[in-house]
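All chains, full assembly: derive it from the sequences and hints.
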Amino acid sequence: MPPVSELTALVQASAKGDESAWNELVRRYAPLVVAVTRSHQLAPADAQDVSQTVWLRLVEHLDGLREPEALPGWIVTTTQRECCRYYRQAQKVLPVDPQGDGIVSHDGAAAPDSGLLRAELRQALRDGLAELPARDQQLLRLRAADPPASYEEISKLLGMPIGSIGPSIRRSLDRLRQTGAMKTYLAATQATDRVRRPA
Amino acid sequence: MNSPWTDDELLQELAAVLAEEQADEHVIQAAEAAFSWRTVDADLLSLVLDSDAEPAVGVRGRHSGPGGPRVLMFRGEQLAVEVEIDDAGIVGQLTPPQPGHVTLVGPNGPGLAAQADEVGCFTLPLPASGPVRLDCRLGDGHFVTPWITI
Chain A
10 MPPVSELTAL VQASAKGDES AWNELVRRYA PLVVAVTRSH QLAPADAQDV SQTVWLRLVE
70 HLDGLREPEA LPGWIVTTTQ RECCRYYRQA QKVLPVDPQG DGIVSHDGAA APDSGLLRAE
130 LRQALRDGLA ELPARDQQLL RLRAADPPAS YEEISKLLGM PIGSIGPSIR RSLDRLRQTG
190 AMKTYLAATQ ATDRVRRPA
Chain B
27 MNSPWTDDEL LQELAAVLAE EQADEHVIQA AEAAFSWRTV DADLLSLVLD SDAEPAVGVR
87 GRHSGPGGPR VLMFRGEQLA VEVEIDDAGI VGQLTPPQPG HVTLVGPNGP GLAAQADEVG
147 CFTLPLPASG PVRLDCRLGD GHFVTPWITI
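Just so you know, the sequences run in chain order A and B.
What the first sequence shows, in our numbering, is residues 10 to 208, in sequence order.
What the second sequence shows, in our numbering, is residues 27 to 176, in sequence order.
Keep in mind the hints are simulated off the structure, nothing from the lab.
For clarity, every value in this text was computed on a predicted model and none was experimentally measured.
Backbone N, C-alpha and C define an ideal beta-carbon position, used for all residues, glycine too.
Check each hint, because a few of them may be wrong.
Listed next, the stretches of chain B that the computed footprint assigns to chain A, with coverage defined by at least 3 CB atoms under 8 Å from CB atoms of chain A [stated by the list, open to error]:
1. 32-46
2. 52-65
3. 103-114
4. 146-158
5. 165-174
Right, dumping it as structure tokens:
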């Protein structure tokens, strides 16, 4: 998460009608909404509808957000609730096995929780990345790009000796682990013993 | 506190984050455009029941079964609106019962409208999928529902 005071300032400015503050909120948290809809395996068109509904709701909820730092939680809850609706609709047309004695199991049913945890981790990574000095961000973005930049390319782009790039990446990753966003995520998940390990 | 991830695992997850960032420019644009709805000069009703979503706190026993219509209830201090939505369209009633003008509003503005009769009943055709809200004008009162996804 961005520093608390900064998020509070953005929410309060948006509530007062500052459109650029709103656009900044959108830019920061649109990926979170998208990630939650993905964790519920919504079709892209449905995910867009849900996303738009969440933002329209938030516009009217800005004044009611007593604790602006609770915004990410509000976004996750609201998006999840809208996503659940699509499950209920899907259940109405669930296939029934005529030889069996019930509804054919729905593969997606168990996915949302682990998917949601992944969404939280990714938001923490996004926020953590934003906390890092520009140099660390550039290095990690180049190395995590698809396809990853080679040490040779990174050396040219950032003007670093090739031999220093490996150690620099390790240091940047360590700094990422030490960001407020990642520490908050780890503390919250380790408390419930549900850390999401990348596959 | 030790990190549970190796460098490679962290980089792999970062790669997924970066891939997501590039997604969906039109989702961002739609979200930014939502801000134009900030100042609507109407009383906002609360959603107290949506049979297709999680049950609202304090309201029980009104869930339609599978295949039944979606039931929604909105409530404010002066007005309640109950609607049933199925493939045939929207049937609704205003409480207390009264005539009025009910408009379906989408993110781009007002759409189809209907007249509520003397007992507050109105019907509307089913709109295209996406966010909608109901805008109700009754005498000198102006009310809107929260946005719902159809």
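Do the hints match the structure? See the list:
With a cut-off of 8 Å between beta carbons, the region 32-46 of chain B has 13 residues touching chain A; three or more are needed, and the interface restraint holds. Only residues whose beta carbon comes within less than 8 Å of a beta carbon in chain A count, and the region 52-65 of chain B has 11; three or more means the coverage holds. Under a criterion of three residues with beta carbons nearer than 8 Å to beta carbons of chain A, the stated coverage of the region 103-114 of chain B fails, only 0 such residues being counted. Check result for the region 146-158 of chain B against chain A: holds, 3 residues qualifying (beta carbon to beta carbon below 8 Å, three or more required).
Restraint check on the region 165-174 of chain B versus chain A: 3 residues with Cβ-Cβ distances below 8 Å, three needed, restraint holds.
Violated hint for the displayed structure: number 3, the only one.
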